[in-house]
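Top to bottom, those sequences are chains A and B.
Numbering-wise (UniProt numbering), the first sequence opens with residue 1 and increments by one.
Numbering-wise (UniProt numbering), the second sequence opens with residue 1 and increments by one.
Incorrect hints may have been included.
As the list claims (entries may be wrong) - Computed beta-carbon distance windows for the label pairs: (1) 207(A) / 469(B): 32 to 38 Å; (2) 456(B) / 232(A): 54 to 60 Å; (3) 219(A) / 12(B): 30 to 36 Å.
Source of the hints: derived by calculation from the structure; they are not laboratory data.
Every residue, glycine too, gets a C-beta built ideally from N, C-alpha and C.
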Amino acid sequence: MDSWSYGVEVKEKTHGFDRCRERSSEVKKIIEAKHLFKLYRVGDSIVRALNGVNFSIYEGEFCAIVGTSGSGKSTLLNMLAGLEKPTKGEVIINGVHMEKLNEDGLVKFRRENVGFIFQSFHLIGTMNAVENVALPLSFRGVPKSKRMKIANEMLDLVNLKKHKKHLPNQMSGGQQQRVGVARALVVDPKIIFADEPTGNLDSHTSEEVMRLMQKVVKEQKKTLVMVTHDNHLAEYADRVFHIIDGEIVKIVDNREQGKEESEESGKERKQ
Amino acid sequence: MSLIDLLRMSSGNLKRRKLRTFLTVLGVVIGTASIVVMISLGLGMQKSMYKQVEESGGITNIDVTGKNNGGGGVIVSSDMMHQDQESEKYITDEAIKELSKIEHVKMASPVLSMSAMILKGNYEGYIDLRGMRPEALEEQNIPLIEGSRLPETKTSNLELIIGNLIPEMLYEKNTGKGYWETGKLPEIDYMKDSLFLILDSDAYLASKQNGTSSLEQSLGKNEGQGGNQASAKAPKKYVVHASGMVKGDLNTYNSHSYYVYCDLDTLIASLKKEYGTKPIPGQPTTKSGKPYKEFVYSSACVQVDDIDYVEEVSAKIREMGYTANSNAEYLKSMQSQFAIIQAVLGGIGAVSLLVAAIGIANTMMMSIYERTKEIGVIKVLGCSLKNIKQMFLIEAGFIGLLGGVIGNILSMLLSFGINTIAGSMGSAMGFEGDISYIPIWLILASLGFAILVGMAAGYFPALRAMRLSPLAAIRNE
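All chains, full assembly: derive it from the sequences and hints.
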């Protein structure tokens, strides 16, 4: 695919990462969480948001983390994306230990490896659709003409040809989220994190966006990690992690039709 | 992130909040304008002062005086400094030679100042006569009216350059009333009419006291004979012509206005002829009352090739035992005074810029609170911390720049206004030159300062933006 070729150029000075990538591509294990703990102090008591989580996500997978609110699913996602530090445990993404990076390193890592889709879209209100999509590329120092071209292609990909020049407040929620999807894809990330991507959409639009995400992820061979409280939406995922009270209680593999595989938390899935 | 993208984002953010940006910029405008206008007033003062000094014989001149020869009429034009130390030597031809040998001295020439009288018809007046060599006269840059020329040297007749305020000095012989009492100027065309010059004014006064009738008699005789020696008592009256006049009317003053210049050698020749073996007044005498062999000048005018060496040369001259005064040294002492004045004026202006800086900090703080979410999002999307900081610093710097530019335009308008008003008022008061002067460096410096203040004010807000947790920013409410 031609439009992705720039990705190689902007991988500036990441030989360390590249080496890791090679190794991980043999194992194809892109995200690994080991004994993750996150404790919050609320007043005098301590809340365990994550209580010893172990799991792996493989390259090209579409995973859903499902749980009720307060189950720790958002905390888990934040930790995987390097927005929050674990109290204890390891997060290894693409061979890099996230818990060991400082804030600058995390930002750099996100810039180069991660795409984000937010629940409330979080588009920049003063920028039109193309500019919003092109924004993450500007952080990488891609020249304007080039990033506009790529952003245009991305918007074509998410079927928003007609709304390229529209500002966020001139678009419906579904359209905005499609811009959000395009923005996540534009940097050619290895992994895309989605935090309740359909939380602010009606059920019909939700289906649309989910199908779009599913399709794009398949075509582009991206790893997608989605957090949701909706069991129904989780069905779009290849694998579903059920999380309750900071522990993964069940992992469902939708690809193995009819045959449900479940595991206790703390054990790793063997391949 | 490339610089152009940073600039684009920052300016975009400012455009988004036009009114707030305008108000913040307005603060900087007022601050910058007050600093620039205040300093421009100080600079204007300094400049007009420089101009004045320049007119009074240039800034590379050193006035050298020797041992006080006790005579009247020794007038030093700039006797503000270094008068405390008594010099030991007279200014003689030898001294002039010595002076001209000093390094960086372009020219050293003697000056003889003395008091004299001029007579014309019914009027008479005391003048300060300054005899100078032609090359020194040229260096004085005396502004002359049209048709003037410098006095010729080595002639038997004295030629004068008359200061433009000399007419004020004449008074009526009988009544003793001058211009200040009568308000009328004697009708004399100095350029065409011939005047009488009396070098020995003491003798003239003495003869006048002896009897006005005999004087008038001799006067009439003298007029007929054209300057021959009349009586033993009355001093010689020279018929002199003006070769030039100092430019300007009675309302303009410069350092030449009250002087009458003539050629030095001609003056000395006349003096020697007049007094013969008697000591010339103003010349030092030995204990027995005899004059020295050498002629003693009242001062020497030393030209230095560059203003930077003036101090050095002055020091050397003082070492040699003379008293030296220079405008450059005077200027230097003035400079530090002006620096203080400017600092005070600029400080007053700076207060308003400080207030503007607080305004900028406030605006930036508001803007960061408003955009907490946006900052979080771009952080999550991979905008580096450095870029976020830069973005806000540039935004604050933009406010400073904008305020600086508009402030400078405003202060130029103000300066123009001040000068126009002061110009119309000043010409009536005999004051010339601009009160307010804005040089290019002041514009650039104030621009830079405004940007700096903006950035300094935006620094802590920018740090705050940088440290915002992306989590708090993107949390769904």
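Each hint tested on the structure:
1. A beta carbon spacing of about 34 Å between residue 207(A) and residue 469(B) agrees with the range 32 to 38 Å that was offered as a hint.
2. Checked against the hint of 54 to 60 Å, the pair residue 456(B) and residue 232(A) passes, with Cβ atoms roughly 55 Å apart.
3. Hint check: residue 219(A) to residue 12(B), Cβ distance near 34 Å, so the stated range 30 to 36 Å holds.
When each numbered hint is compared with the structure, no violation occurs for any of them.
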